[in-house]
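Peer 1: Now for the letters of each chain:
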Amino acid sequence: MTRITLENLAHSYQPKPSHDDDWALKPMNLTWEDGGAYALLGASGCGKSTLLNIISGLLVPSSGRVLFNDRDVTGLPTAERNIAQVFQFPVVYDTMSVRENLAFPLKNRGMPADQIAARVDEVARMIGMTAMLDHRARRLTADSKQKISLGRGMVRQDVNAILFDEPLTVIDPHMKWELRTQLKDLHRRFGHTMIYVTHDQTEALTFADQVVVMHDGRVVQSGTPQALFDAPEHTFVGYFIGSPGMNLLDAHVDGTTAHIAGAQIGLAHGYAPLSGKVQLGIRPEFLRLGSGTQGLPFTIHRIEDVGHHRIIRGKVGDADINVILPEAQEIPADASRVVPDPGRAHIYVDDWRVDPSARERAA
Amino acid sequence: MDKPVNNRAWFLVLPVLLLVAFSAVLPLMTVVNYSVQDTFGGNQFFWAGLDWFEEVLESDRIRAALGRQILFSAIILAIEIPLGIFVALNMPKRGIWASFCLVLMALPLLIPWNVVGTIWQVFGRVDIGLLGHTLKQLGINYNYVNDAVDAWITVIVMDVWHWTSLVALLCYAGLQSIPDAYYQAARIDQASRWKVFRYIELPKMQGVLLIAVLLRFMDSFMIYTEPFVVTGGGPGNATTFLSIDLVKMAVGQFDLGPAAAFSLIYFLVILLISFVFYTVMTKEAK
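These protein sequences, in sequence, are chains D and R. In terms of the working numbering, the first sequence opens at residue 1 and continues consecutively. In terms of the working numbering, the second sequence opens at residue 1 and continues consecutively.
Don't take every hint at face value.
Simulated restraints on C-beta separations [claimed, not checked]:
#1 R:Val16 <-> D:Glu178: 33 to 43 angstroms
#2 D:Pro77 <-> R:Gly95: 49 to 59 angstroms
#3 D:Thr169 <-> R:Ala106: 37 to 47 angstroms
Capping the alpha-carbon separation at 35 angstroms, the derived lysine-lysine pairs in DSBU-like fashion look like this [unchecked claim]:
#4 R:Lys283 <-> D:Lys107
#5 R:Lys195 <-> D:Lys176
#6 D:Lys107 <-> R:Lys248
#7 R:Lys248 <-> R:Lys93
#8 D:Lys26 <-> D:Lys184
#9 D:Lys176 <-> R:Lys204
#10 R:Lys93 <-> D:Lys16
#11 R:Lys195 <-> D:Lys184
#12 D:Lys26 <-> R:Lys93
#13 R:Lys136 <-> D:Lys107
#14 R:Lys93 <-> D:Lys107
Just so you know, the hints here were simulated from the structure itself, not pulled from any lab data. Fair warning: this is a prediction, and the values are worked out from it, not measured in the lab. Built from N, CA and C at the ideal position, the CB exists for glycine as well.
Just chain D, same shape as in the assembly (with noise of 0.2 angstroms):
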């Protein structure tokens, strides 16, 4: 059981990195907290991958530290991290059958035959694969080396942490959700560190107490699932968390009011001038549609209904607008404005989050 700090953690695949580009992973201060069920999540190419594969060991950092608990082990080969780790694309043992395959981590650290017999065939009830034990490995479908590839990550249950590459990419959809539950159910159960790196937001809102939002070699945002619906601190979290993302309007703010397209509306809170590229970021679950002079003015291009609501797609300016509209609710004839809800709007300035009360102190 351990606490996993990042410390001033770099890296770079090239030996001299000189450019910002040249960083896989800018530097960054980050805790794993024992216990916790994390998704880190961003669009592939991100850095998600690599810092997973500096937690495990299989990555040296170009620069900073990893700690397990107070324990510096930054240069410890992956074996004395004692790690799990599944990947992307599943990793059988061909030659071995698949009980051979879960047990090859235990046998690796010595562990007594009765033992790892037991835990075998624990883990092979949980992914299900009970029937298929004497079976060869290499004759297996796609999906069900995966479960295997599970299988040997969670054997171990004296781990430190289990880390998932985008374990399901290759599994169907509804055995997806039946293994998500399973790896679910077994933090519970057991309460390993668990970080899962996906770059679906289902798969992570619905796995982890806490969202790590990877961006460009960045960590941007970390917390819960409702923090980063409600408060995102950098539009990308606002773009990539949410269904659609995060409506952005070009703004020019002026204390307590925002100017948009020609447009004024209020915000709850007073802001400081404002340099920079200034945006209002609101979601489309906090627009509605409205008439006459209040709010925005807003033309709809496309209704969209997906089942329990309708999305509006449209345009305030040159900026596309969504909004999304409950399943009872009828859409106005008159529809030509759209409003936001204040007190759910938020300021951006070069896509960071601006804080309204700590600019007012500053200023």
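Go by the hints and put chain R onto chain D.
Peer 2: Coordinates of chain R only, in the frame set by chain D:
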């Protein structure tokens, strides 16, 4: 599954069939023809039945050559296969040194066989050869011309020098096709170096190893040029392998009948042993 039947497709195979018939089947049939007849020249043939086959099978000289041949191939395989795997495992995986090693490894394979023989014939000579002379200076009594063991060692070292590259290159290709994730998973599972080799690298190399074993077996079993150039089959008959013996019989003594029977038996032995290797090595995969 029903496959569509299209008999016109046979016409497309016809040119190949003709080519194979002229280049392989017809010459082989000529050999069969010689093996069951006797001739005294003047294109006169007499039916001999299976007499030549009996003579070949009962010949002590041929049996001895066969024994030497099997021993030679066994030693060659026992050295070249493990050594080739070992070399492949230690070659750099990428970068400029990988290309350098590949070129270096390919060099012996590009040298004509009789040149390989000549190189070693000179290299091993006690009077002017670098190897032979050096050994003599070191006080080691080495002379491949009149010592049977030295002759064997020379021929074997020469073959290892010549052909281990082939095994190494094939294994290297097999190793390169293993995704990194396998090695990473093995590190996560805390597998030892030996287990990585046993459970990841060896199974992934199985296909290329089968090819390497078959090629090396067939080639070493038919070896002619190099030992002929170095030792001429001597001292005595110590390094007279099957093909050297066969050429002596066919071209030297002009015993075409027995030589033809010998050829066919030789061919069947290679076919049989290759089949055994193939069956044993692919059994694991099923």
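Peer 1: Please go over all the hints and tell whether each is borne out by the structure.
Peer 2: Hints versus structure:
Range check, Val16 of chain R to Glu178 of chain D: Cβ separation about 54 angstroms, and the 33 to 43 angstroms hint is violated. Take Pro77 of chain D and Gly95 of chain R: their Cβ atoms lie about 23 angstroms apart, and the range 49 to 59 angstroms is violated. Take Thr169 of chain D and Ala106 of chain R: their Cβ atoms lie about 39 angstroms apart, and the range 37 to 47 angstroms holds. Taking the CA atoms of Lys283 of chain R and Lys107 of chain D, the gap is about 27 angstroms. The hint holds against a cut of 35 angstroms.
Taken as a hint, the Lys195 of chain R and Lys176 of chain D pair is honoured in the structure, with Cα atoms around 31 angstroms apart against an allowance of 35 angstroms. For the hint pairing Lys107 of chain D with Lys248 of chain R, the CA-to-CA distance comes to about 59 angstroms; that exceeds 35 angstroms, so the pair is violated. Between the alpha carbons of Lys248 of chain R and Lys93 of chain R the distance comes to roughly 47 angstroms, so the proposed pair goes past 35 angstroms and is violated. The suggested pairing of Lys26 of chain D with Lys184 of chain D holds, with an alpha-carbon distance near 30 angstroms, which does not exceed 35 angstroms.
Under the criterion of a C-alpha separation no larger than 35 angstroms, the hint pairing Lys176 of chain D with Lys204 of chain R is consistent with the structure, at around 29 angstroms. Of the supplied pair hints, the one linking Lys93 of chain R and Lys16 of chain D holds, its CA atoms being roughly 22 angstroms apart against a limit of 35 angstroms. Of the pairs offered as hints, the one joining Lys195 of chain R and Lys184 of chain D holds, with about 32 angstroms between alpha carbons and a cut-off of 35 angstroms not exceeded. Restraint check for Lys26 of chain D and Lys93 of chain R: satisfied, since their Cα atoms lie roughly 29 angstroms apart, inside the 35 angstroms limit.
For the hint pairing Lys136 of chain R with Lys107 of chain D, the CA-to-CA distance comes to about 54 angstroms; that exceeds 35 angstroms, so the pair is violated. Distance hint between Lys93 of chain R and Lys107 of chain D is fulfilled; the C-alpha atoms sit about 29 angstroms from each other, no more than 35 angstroms.
Checked against the numbered hints above, the structure violates hints 1, 2, 6, 7 and 13; every other hint is satisfied.
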